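Undergrad: Generate the whole structure from the sequences, applying the supplied hints.
Going down the list, the sequences are from chains Z and B. Using our numbering, the first residue of the first sequence is number 1, and each one after it goes up by one. Using our numbering, the first residue of the second sequence is number 1, and each one after it goes up by one.
Misleading hints may appear alongside valid ones.
Below are the BS3-like pairs computed for lysine-lysine, each with C-alpha atoms no more than 30 Å apart in a straight line [unchecked claim]:
id: 1; chain 1: B; residue 1: Lys3; chain 2: Z; residue 2: Lys72
id: 2; chain 1: Z; residue 1: Lys72; chain 2: B; residue 2: Lys2
id: 3; chain 1: B; residue 1: Lys137; chain 2: Z; residue 2: Lys72
Honestly, the hints are just simulated from the structure, not real lab data. Computed from a predicted model, the values in this text were never measured in an experiment.
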Amino acid sequence: MKQLLIVIALLLAAPMGAVAAAQPATQDDFVPAGSLPPAETLPAAPMVIAAYGFVWVAVLAYVGFLWRRLQKVEQELRDLERRVAER
Amino acid sequence: MKKAYVPMLVVTALMFAVAPVLIARAPFETTMGLIQKIFYFHVPAAMLLFGSAFVCGISSGIFLFRRTPSADRVATAAAELTVLFGLIVLVTGPIWARKAWGVWWQWDARLTSSLLLWMMFVAYLLVRRYGGPGAEKLAGAMAIFGMANVPFVYVSVNYWRTLHPKTSVVPTLAPEMRGPFWFSVAAFILLYIVLLTARRYLEAQRARVEALHLALED
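TA: Shown next as structure tokens:
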């Protein structure tokens, strides 16, 4: 019983640890921008380009996907209409 | 609608070509700087995520209560677009967050509920695709639940502690930022109408194919 409780406690603690790790660390003092690690001084321009680029790519990919499905259905429709007319 | 479709497509393309110029000319936000420019595409996409969930939910309701096939076609088209615009929101948001908050993702009320809303509509599409006979009714009920979730996602930032900006940002936008923002919103709405019309047409053609298959079997 005791072992089972330990296993349950560990299972519950694992996701909590993951959630805690996902939270940003608290900061109690001011840090000058120059002394920040490289990861904290990310340039904004590539990120803005990535975000806008993603929007364009996603929309164009969807339009292409829609167009392909439409062509396929139109072709099938023409074939079926021909077969119905031949009967 | 057929006559208006091509001009609407051209206007949408032109608006999306002009939008980046207006966004680039808009002033920088004081604390976030350049990264805040993501706002001009992120928020209109979020508005359409919510709007499209409503279109899907209302159409599904009409289909469930009146058995109107055209309403079901609109619901299917809107569900797919909800997933598309939701994906845009869920990708552009974390890119902005990484720079502005220092983290890609935060399991707070707004982000988590948005992810759940998006997953509901992914589930809708999966049910429609693999659910077998009667799947459209089950999916319709799911869409109504998805729609009911939208107001909670919207107000979540006002009731829970979160890093995400509150709903007061858009109404209090600076006049110089207002123009490019509402221009982007208009471009996104037009894009939505263009895509919804095309996707609904695809469903109508599929229905015709199905009817012809049945006619050939008889």
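Undergrad: So which hints don't hold here, by number, going up?
TA: none
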